[in-house]
Amino acid sequence: MQQDYQPKNIEAAAQQYWEGRHAFCAEDKSDKPKYYCLSMFPYPSGKLHMGHVRNYTIGDVLSRYHRMKGYNVMQPMGWDAFGLPAENAAMANNVPPAAWTYSNIEYMKTQLKSLGLGIDWSREVTTCKPEYYRWEQWLFTRLFKKGIIYKKTASVNWDPVDHTVLANEQVIDGRGWRSGAPVEKRDIPMYFFRITQYAEELLQGLDTLDGWPEQVKTMQANWIGKSFGVRFAFPYELDGKQDKLWVYTTRADTIMGVTFVAVAAEHPLATRAAQDNPALAAFIEECKHGSVAEADIATMEKKGLPTSISVTHPITGEQIPVWVGNYVLMGYGEGAVMAVPAHDERDFHFAKTYGLPIKQSIAVKEQSFSDAAWQEWYADKEHGVCVNSSKYDGLNYEQAVDAIAADLAAKSLGEKKVQFRLRDWGISRQRYWGCPIPIIHCPTCGDVPVPDGQLPVKLPENVVPDGAGSPLAKMPEFYECTCPQCGGKARRETDTMDTFVESSWYYARYASPQCATGMVDKAAAQQWLPVDQYIGGIEHAILHLLYARFFHKLMRDEGLVQGDEPFKNLLTQGMVVAPTFYREDAAGRKQWINPAKVEVKTDNRGRPIGATLLADGQPVNIGGTEKMAKSKNNGVDPQAIIDEYGADTARLFMMFAAPPEQSLEWSDAGVEGAFRFLKRVWKAAHDHVEQGIVTAYRSGELSAAAKALRLQLHQTIAKVDDDMGRRKTFNTAIAANMELLN
RNA sequence: GCCGGGGUGAUGGAACUGGUAGACGUGCCGGACUCAAAAUCCGGUGCCUGAGAAGGCGUGAGGGUUCGAGUCCCUCCCCCGGCACCA
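First residue of the first sequence: -13, per the working numbering; consecutive thereafter.
Simulated from the structure, these hints should not be mistaken for laboratory data.
Model, not experiment: these values are computed from the prediction.
It cannot be assumed that every hint is accurate.
As the list claims (entries may be wrong) - Label pairs and their computed distance ranges (CB to CB):
| # | residue 1 | residue 2 | range |
| --- | --- | --- | --- |
| 1 | V450 | N(-5) | 41 to 49 Å |
| 2 | T430 | P19 | 55 to 63 Å |
| 3 | V404 | E570 | 53 to 61 Å |
We put the CB at the ideal spot given by N, CA and C, even for glycine.
Sequences are here, hints too, so could you generate the full structure?
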């Protein structure tokens, strides 16, 4: 053993040793209890960033700790390999997305290995390979036959110049990112997963997830958004025909305060009203501009235009005017809403803007109503009682809703209804670099799923997209086919699936990654699932984690897996943040400067008083501390840290600089500190080589630094195993991290 | 706009159920060792006033409850994550 700490040699030797012994292979047959530790797999963007290093280090500490406690540990890794960035890189460099993706994977794999992670590489999965996505296609055809997958039209962002569908991310200030043209909404047919059929179960299941952070469960519950309300209709007569305008409300108690109804621009009533109203037609046209993103719609100015149509109030029989509102969404509920300006804040402001009547129908004791300004209590359903509501006067929320729902039901104009905010999951993407949707369109037989024997539908890999529509739709060799049912000429679907589909079941594939006879090997799945510890960023709290929970239930209902939930424990790690520095150019734009190129001056208390660029010695501005990102140029390349200090320094720093759930501020000094600490450890281990490293820690000569380290590491370990004594936990965890020293 | 989280020294963060705010780490300052530097070790370090003793102020802002508030309540500001086609 050398006395000097030379991480490069030590780590390389250790990694070689592990590889030679297949040290991290999970055993499919074992008497030991299993521990499945999963970190969210990376998108192969090119190289690892600090977020990856943090994520995988946390997972690795937990994995090694459990391995030492005698568990049969599985810590797998794979690649979320389909997605938009590969197409962008393809266009920029004229390289097929496949080639770009595979070379990124190759490089990032060497990086992961140099981090010394205890990964079972024999289980690696890559989602863009047919061996993986064929099972996704297989499941799709099953679900299509069951009716869990269905087709309907939905709005997308359309770039009228590039003639292509844009992702929300590609719409900047209402314009296409490449063409700069104002974006339009366009309705196209898409395939949907009927996730709403599982809404109740997805909601109930949250109660069983004791190992999940409350915050994530709350977000999912709110996203699913179960509400108890009333669906009812406003009857009307138009062009000599009787019809009904349906709406849904959770505030049926305010029904006597309705002063108008608003419909979406795409609503049939709006279309009809626009026939003899050019101004309205122009407004409806205007509503087609802008993105389909909910954040954009919710923050834009609420606009509306009246129609000449009116409908009949189902209780009072009054005539109620119909308006068209840009804030009413067609694909959401009934595409129409009742408006009660007195008791809904958005309706209140809309009514004030357009001079519509405001009619109080709820009162709260000792509060006086005025239509001059909105007050919080106007929407209070706990303390309010009905007023100006004839026979409902004096009833509270529940009584009023019951009475009104009963009266509506008696007239066959409505009833109580449970509704969810959750919408069905549209998975069609008009993109090349994704899993082909296994459907064949036959003029005679309609949409026919591709038979098992013809799976997988392989995506051609030598294609460079040009940014104008899907390349697959221009490739007859891909789309020309015959109908599996009637043998006639047919056309293959050219849309691909949302990449969230691949990431919704990869955790299950790791149990039997090479299984050629099914999506999963049932025995292997039973042995390994559920995931004991899942680790990833909080940004996945809703979509990915909800879709994966949904998929688990779909696979369960296909008899592929057991249990109702895929992830027993969830740890959402914090971001890695770093200071930012900038200079303003002549146009006043900020030019971000990487922290590595900046020297910060401090006063004699260590407080920053200014910063200068190392290259020219001139001052730069100190920005805020933000998430490491290209846009702020404040990233630190993990490779540079590994090269200079070794992976153990990077890992040690990340583990002790902040608790895993919280954001971690990058600090060069902290890295230096971790490095110095390891040097000390190395020396101590050298001196105590006979007794081993744990003894060296206990010897006391490292106590000050070790105490701090224990505190931080403990917070990770305690998540998993509360009953362990602190000292023992600490020593085991440290030893696990320092395994290579023994 | 809506949902979730956050704001405590220069800094990452402690503070359990309302009871000594700032544990522990980093940084910084001072000292020891050294020809010197690095490394290591020891001490100090919320802010203001003061030579000191000591005093005053202090947990995003404002208000409230309480003998007592970082913690509970109300209003507001700012930051972060998500908002269904980024992953």
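Okay, the hints, checked on the actual structure:
1. V450 - N(-5): 41 to 49 Å: 43 Å, holds
2. T430 - P19: 55 to 63 Å: 56 Å, holds
3. V404 - E570: 53 to 61 Å: 55 Å, holds
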